[in-house]
Amino acid sequence: MALNHTPQFVPASDQSVLVKFGEEISNEVHQQVFTFYHFILKMPIKGVINIHPAYASILFTLEQNAGLHKTLTLIKKSWKASTQMRIPEARQVKIPVLYGGEFGEDMDRVSQHTGLDPVEIIKRHQGGSYLVYFTGFSPGFPYIGGMDPSLSTPRLTTPRKQVPAGAVGIAVEQTGIYPLSSPGGWNLIGQTPIKIFDWPHPTDLRVRMGDSIKFISVTKEEFDQLKENVT
Amino acid sequence: MSLEILRAGLQTTVQDLGRFGAAHLGISASGAADSLSMRIGNLMVGNPENTTAIEMTLTGDTILFHSDAFIALAGSKFKIDLDEKPFPFWSGTYILAGQVLTIGPTLNGARCYLCVRGGLQVKKIINSASTHLTSGIGGLNGSILKKGGRIAFGNLDNMIQPIKNMENFPSTDTTTIRATKGLQWDWFDNQNRKLFFEKEYQVSTLSNRMGLRLSGQSILSSKGNEIITEGMPLGAIQIPGNGQPILSFVEHQTTGGYPKLANVISADLYKVGQLKPRDQFQFQLVEFPEAEKARLEQENYIRSLKVHCR
Chain A
358 MALNHTPQFV
368 PASDQSVLVK
378 FGEEISNEVH
388 QQVFTFYHFI
398 LKMPIKGVIN
408 IHPAYASILF
418 TLEQNAGLHK
428 TLTLIKKSWK
438 ASTQMRIPEA
448 RQVKIPVLYG
458 GEFGEDMDRV
468 SQHTGLDPVE
478 IIKRHQGGSY
488 LVYFTGFSPG
498 FPYIGGMDPS
508 LSTPRLTTPR
518 KQVPAGAVGI
528 AVEQTGIYPL
538 SSPGGWNLIG
548 QTPIKIFDWP
558 HPTDLRVRMG
568 DSIKFISVTK
578 EEFDQLKENV
588 T
Chain L
586 MSLEILRAGL
596 QTTVQDLGRF
606 GAAHLGISAS
616 GAADSLSMRI
626 GNLMVGNPEN
636 TTAIEMTLTG
646 DTILFHSDAF
656 IALAGSKFKI
666 DLDEKPFPFW
676 SGTYILAGQV
686 LTIGPTLNGA
696 RCYLCVRGGL
706 QVKKIINSAS
716 THLTSGIGGL
726 NGSILKKGGR
736 IAFGNLDNMI
746 QPIKNMENFP
756 STDTTTIRAT
766 KGLQWDWFDN
776 QNRKLFFEKE
786 YQVSTLSNRM
796 GLRLSGQSIL
806 SSKGNEIITE
816 GMPLGAIQIP
826 GNGQPILSFV
836 EHQTTGGYPK
846 LANVISADLY
856 KVGQLKPRDQ
866 FQFQLVEFPE
876 AEKARLEQEN
886 YIRSLKVHCR
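Quick mapping for you: the protein sequence lines, in order, are chains A and L. Just so we're on the same page, our numbering is the position in the first sequence counted from 1, plus 357. Just so we're on the same page, our numbering is the position in the second sequence counted from 1, plus 585.
Read the hints as simulated data drawn from the structure, not as lab findings. Cβ atoms here follow ideal geometry from the backbone N, Cα and C, with glycine treated the same way. Keep in mind that the hints are not guaranteed to be accurate.
To be verified - The list that follows gives simulated cross-link-like pairs (lysine-lysine, BS3-like), each with its CA atoms no further than 27 Å apart: (1) A:Lys427 <-> L:Lys891; (2) A:Lys403 <-> L:Lys878; (3) A:Lys377 <-> A:Lys480; (4) L:Lys709 <-> L:Lys731; (5) L:Lys779 <-> A:Lys433; (6) A:Lys434 <-> L:Lys749; (7) L:Lys808 <-> L:Lys779; (8) L:Lys861 <-> L:Lys749; (9) A:Lys480 <-> A:Lys437; (10) A:Lys377 <-> L:Lys662; (11) A:Lys427 <-> L:Lys878; (12) L:Lys662 <-> L:Lys861.
Unchecked claim - Simulated DEER-style distance windows between Cβ atoms: (13) A:Lys451 <-> L:Arg735: 41 to 47 Å; (14) A:His362 <-> L:Pro690: 56 to 62 Å; (15) L:Pro874 <-> A:Pro511: 28 to 34 Å.
The following block holds chain A by itself, in its conformation from the complex (with noise of 0.2 Å):
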């Protein structure tokens, strides 16, 4: 692996300023991105008022008055005092799932489209250990990498008006959980019952950046005692 090599320093408008790690979506680059991250979330840069980690990069949004190279200086020393810390340890969240049914209304069209029965899929996808990139796009959505590819299936043509919160879907090479109820194009193939975002504490995520995760299934049971435990 190569070592963490000086990453670019770029404005992206006169109020912002693209930290860019690599060209890649890979575990080496994410670490990196990951540490820095974590450095400044305990240790905030004067000037910068917001941080959009992503798979490579991370965006700094500057104050209204900061000057830009001014704090491009500041974000260039944060990093190389980063750089000394230990990489955080990645923390392992179970996701309970229940899979197909109701829950899991794309199950056949991902069976369609990949030829593996549903007992194969939900294998499968559990058999998966999977990373959170980032969390990113809207409100506690995490980029979740490492499904297997076999179960690659592609985006719905026609998006539904609305998806509840916790389905877990299909698109192409990704598997995600949506946080809250949305509009969206992906293949369902099941249900968390667990709140992984959650607007009165929009702090406290459930599944955050850096985090190693594991769905289970779970029976309809199992899934209606975790649904009463959260509400």
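Given chain A's structure and the hints, the job is docking chain L onto it.
Coordinates of chain L only, in the frame set by chain A:
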């Protein structure tokens, strides 16, 4: 002290200057679409700049005041009457309990702000009362204001002297919007860059606080239309596969996967907030130092108003 919505406008929301510090949780800042006007409006009634106010879009509301109030309207001029008599714009004005303010259609740009001395008393989430319509949070139940909605106002802590008379108002000319090079500038060849800055674009009717869809000259990327998803700056001009630019705005997604050709400069973001569907405008390329200078000048301008109030 409270006010009540007797007739709801087209898309009226409660806003302040935005919710910062949560982009890493997928939550974009939201906040006033024309923050410059809202800041000035607040100063006119002696509020700190970041005080919670009402943002109206294209057509305003009819509002009954249940108590005396000191208010100012800022941003684009809308048709405004107080008890059926014309009401001043860009000016702090006293009104009495029982009076009705009727804010009709716009007379120029897209947004008008109602700032009330003491601010609106709305519950804050992550230090902000801003409504984020696409995620359904903030403001009043995360939604637009509706008929019958009642909001308390008038927390008089931290008050300052209101601005008396102002001479320079922000320019209302939205025909030119300045932009710097975007993160994927080198994904576009010279011809496409040139076309982008030469041609006029029209604001599509599908535009909202999340983003403005522009129609006009199609722009072709030489490296495709999908990047490795990365953070999205406010004002980013993204080029999707159909070549029609999308301008990311206050409720933008925190990350995105389209290449970004350019980025509206901070000092012109308030103009974007005043663009209406079907408005036409042109982008003008500027370098980063010039963009930054314009931003800091705008901040100095606001500061000079505050000096005035002391």
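Evaluated hints:
1. Of the pairs offered as hints, the one joining lysine 427 (chain A) and lysine 891 (chain L) holds, with about 26 Å between alpha carbons and a cut-off of 27 Å not exceeded.
2. Simply put, lysine 403 (chain A) and lysine 878 (chain L) have alpha-carbon atoms about 20 Å apart, close enough for the 27 Å limit, and the pair holds.
3. The suggested pairing of lysine 377 (chain A) with lysine 480 (chain A) is violated, with an alpha-carbon distance near 36 Å, which exceeds 27 Å.
4. Simply put, lysine 709 (chain L) and lysine 731 (chain L) have alpha-carbon atoms about 19 Å apart, close enough for the 27 Å limit, and the pair holds.
5. Pair hint lysine 779 (chain L) plus lysine 433 (chain A) does not hold up; C-alpha atoms about 33 Å apart against a cutoff of 27 Å.
6. Restraint check: the Cα-Cα separation between lysine 434 (chain A) and lysine 749 (chain L) comes to about 45 Å, which exceeds 27 Å; the hinted pair is violated.
7. For a cut-off of 27 Å, the pair hint linking lysine 808 (chain L) to lysine 779 (chain L) stands: about 17 Å separates their Cα positions.
8. Distance check on the hinted pair: lysine 861 (chain L) and lysine 749 (chain L) sit about 30 Å apart at the alpha-carbon level, beyond 27 Å; violated.
9. A C-alpha spacing of about 43 Å is found between lysine 480 (chain A) and lysine 437 (chain A), which places the hinted pair above 27 Å, so the restraint is violated.
10. With a C-alpha separation of about 43 Å, the suggested pair lysine 377 (chain A) and lysine 662 (chain L) falls outside the 27 Å cut-off, and the hint is violated.
11. Of the pairs offered as hints, the one joining lysine 427 (chain A) and lysine 878 (chain L) holds, with about 14 Å between alpha carbons and a cut-off of 27 Å not exceeded.
12. Of the supplied pair hints, the one linking lysine 662 (chain L) and lysine 861 (chain L) holds, its CA atoms being roughly 13 Å apart against a limit of 27 Å.
13. Checked against the hint of 41 to 47 Å, the pair lysine 451 (chain A) and arginine 735 (chain L) passes, with Cβ atoms roughly 45 Å apart.
14. At roughly 57 Å, the beta-carbon separation of histidine 362 (chain A) and proline 690 (chain L) lies within the given 56 to 62 Å, and the hint holds.
15. Between proline 874 (chain L) and proline 511 (chain A), the C-beta spacing of about 46 Å breaks the proposed range 28 to 34 Å.
Violated hints, in rising order: 3, 5, 6, 8, 9, 10 and 15; the structure is consistent with all others.
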